[in-house]
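Read top to bottom, the protein sequences are chains A and B.
The numbers in my numbering rise by one with no breaks, and the one at position 49 of the first sequence is 49.
The numbers in my numbering rise by one with no breaks, and the one at position 103 of the second sequence is 103.
Don't take every hint at face value.
Unchecked claim - Below, in silico cross-link-like pairs of lysine to aspartate or glutamate (EDC-like), each with a Cα-Cα straight-line distance of 16 Å or less: (1) B:3 / A:44; (2) B:106 / B:22; (3) A:15 / A:86; (4) B:106 / A:57.
Said to hold, decoys possible - Partial pick of chain A residues on the chain B-facing surface, computed with a CB cut under 7 Å: (5) 18; (6) 43; (7) 45.
Unchecked claim - Far from chain A, some chain B residues (derived; all Cβ distances over 10 Å): (8) 1; (9) 76; (10) 88.
These are computed hints drawn from the structure, not numbers from a lab.
Predicted model only: the values in this text are computed from it and were never measured.
Cβ coordinates follow ideal geometry from the N, Cα and C atoms, glycine included.
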Amino acid sequence: GAGVSQTPSNKVTEKGKYVELRCDPISGHTALYWYRQSLGQGPEFLIYFQGTGAADDSGLPNDRFFAVRPEGSVSTLKIQRTERGDSAVYLCASKTDQNTGELFFGEGSRLTVL
Amino acid sequence: AQKVTQAQTEISVVEKEDVTLDCVYETRDTTYYLFWYKQPPSGELVFLIRRNSFDEQNEISGRYSWNFQKSTSSFNFTITASQVVDSAVYFCALSEAGYSTLTFGKGTMLLVSP
């Protein structure tokens, strides 16, 4: 596809469950980012990948959050033992190069933890 | 640490009015980048502009213009002759050189009524 694709667009789960959110970046983009946007707030950085490796995961809030990008393309954000406070829109973005270029965002995955 | 402040939470205007969205930033770096993004109801963040800290020239793109003033650490965004389609949340963001993640402000919701 032409843009960053995220699935699912909406996910409702119960407290304590495990959740996976998928991001398919723009083809050829080596840098991939995950951000979290809570209601009424700006996006907050979680983690970014350069190729297959996590170049910076300092934004992950705790060890329940983990992300992978095994082949340097699609990335999965994994949340274990979900809590109500994890409810937010999870945004993925990609760009061609780590330090230059425009960042293209997907439409996000809205996670609701009941 | 870097910080972006968008003091205006919500602005309401009538179509054809001009509107300015304020952005004030804090950073200790001398080299940095400033951005504006638009987030329509669909949720996808749309890139509008990127400026580097060495380029203080104001920029105009159609009905959009940006006023960058290092002396006041501000990067304000003006929409001339606003239209209903301009209704969205607008985010200002900052990236320090060599550290490619973005720090976003909390956003300003712009409502343009007919």
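Going through the hints against the structure:
1. B:3 / A:44: This hinted pair holds, its Cα atoms lying about 12 Å apart.
2. B:106 / B:22: Status holds; Cα separation ~12 Å.
3. A:15 / A:86: Holds - the C-alpha atoms of residue 86 of chain A and residue 15 of chain A are around 9 Å apart, at most 16 Å.
4. B:106 / A:57: Status violated; Cα separation ~22 Å.
5. 18: It is violated, given that the least Cβ distance between residue 18 of chain A and chain B is near 24 Å, above 7 Å.
6. 43: OK, holds: residue 43 of chain A within 7 Å of chain B, min 5 Å.
7. 45: 5 Å, holds
8. 1: 12 Å, holds
9. 76: It holds; residue 76 of chain B is separated from chain A by about 17 Å at its closest Cβ, greater than 10 Å.
10. 88: Check passes; 13 Å lies beyond 10 Å.
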